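Novice: Chain by chain, the residues:
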Amino acid sequence: MRKIVAIFFLTIVGLYMLSLFAQIPFGKPYKGVSEHYVERGIVENRGSNLVTSIVVNYRGFDTLGEVTVLFLAATGLSFLLFSCKCLREFKRIRSSLVLRTATDTLFPLILLFGAYIFIHGHLTPGGGFQGGSVIASGVMLLFLAYRSFHVNHKALSTIESLAGITFAGIGLVGLIYAKSFLANSVISLGQWNKLFSAGLIPFIYIAVGFKVGAELSGLISDMISTTKED
Amino acid sequence: MVFFAASLLLIFIGLYAALVKRNLIKIIIGLSIMDTGVNMLIISLGFVKGRTAPIISLKDLFKKGSLLVDVSKVVDPLPQALVLTAIVIGVAVTAMALSVVIRMYSVKKSIEIDDFKELKW
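These protein sequence lines map, in sequence, to chains C and E.
The first sequence begins at 1 in the numbering used here and counts up by one.
The second sequence begins at 1 in the numbering used here and counts up by one.
There could be a bad hint or two in this list.
With the Cβ distance kept under 10 Å, some of the chain C side facing chain E (calculated, not the full set) [stated by the list, open to error]: (1) Phe21; (2) Gly41; (3) Val51; (4) Phe71; (5) Ala73; (6) Lys154; (7) Ala155; (8) Thr158; (9) Ile220; (10) Thr226.
If you are wondering where the hints come from, they were derived from the structure by calculation, not from laboratory data.
Please read all numbers here as calculations on a predicted model, not as lab measurements.
Just so you know, even glycine gets a beta-carbon here, dropped at the ideal spot from N, CA and C.
Please work from the sequences and hints to get the whole structure.
Specialist: Here is the structure:
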């Protein structure tokens, strides 16, 4: 009965939404603000990756807000699970030799790959958010392989706060030395398609990478610490 | 068009799971599927047929003799920029929901929604 009602309701809403979206032309050229971002993106920012130059420069203030949302979610999670041994009847099991050996080999490589992704955020696909997530996945592998693995929460929150302050501080530098918050023209923009280019974008994305990596690692650590050790 | 239909299908599969399933973990899986569907919908709004990704690493994407990019060769980067942050926020929100489930489990030792009747009216 419940399923039939749900399917009936969802079919009605779905058909309505499909007819709504059918009116939007699919795969047609775009106009407006996107056109400006694409056409003048290289001239104004010198970053090859236009998505990055939108996320960090044109909509950098928006990204500062998104980073804050991530921070709030992490804070809420640690508030809910703080020193709670909610799952203490579950023991962490001993991992196999294969997992431990693979972790020892792969963890430095995963860390390096994450750092590569966020350092090259303005040149190749990826950036601070993706690189931070890759680093956090490496930390998760360590948690899976070693049951007594601990992260230093104080160090993590220090890294997180410093990265957040760096982001806001770079924004304020733009406010003081150029015309607006998060302005990109404070230092030389450099040449197109070089590592040291795109003004302040790589610095902001490195800060975001550290922040996201530290935040997601702390989140995983909070969730795993509810189980019984040993 | 087929992208719109497919992503709407994903959204409604997720919504169905959230409405019908009784297990809290399955409800959260449904919410994650919905998240993916919404991201795919936004991305497909910026797709333009026959154009390349908005990463300008080749010289022939420029207009002749300048650093201005030829708009007719690149897809819309704006929806991709919006989705990029939304994915990470989605991960954080899923983790937050799972931590609520851990808390609820510690009270009743169950993650079936039928066992939580205190808020029912």
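Novice: Would you mind marking each hint as holding or not holding in the structure?
Specialist: Right, here's what the structure says about each hint:
no.: 1; hint: Phe21; result: 5 Å, holds
no.: 2; hint: Gly41; result: 6 Å, holds
no.: 3; hint: Val51; result: 5 Å, holds
no.: 4; hint: Phe71; result: 9 Å, holds
no.: 5; hint: Ala73; result: 4 Å, holds
no.: 6; hint: Lys154; result: 21 Å, violated
no.: 7; hint: Ala155; result: 20 Å, violated
no.: 8; hint: Thr158; result: 20 Å, violated
no.: 9; hint: Ile220; result: 8 Å, holds
no.: 10; hint: Thr226; result: 6 Å, holds
In summary, the numbered hints that this structure violates are 6, 7 and 8.
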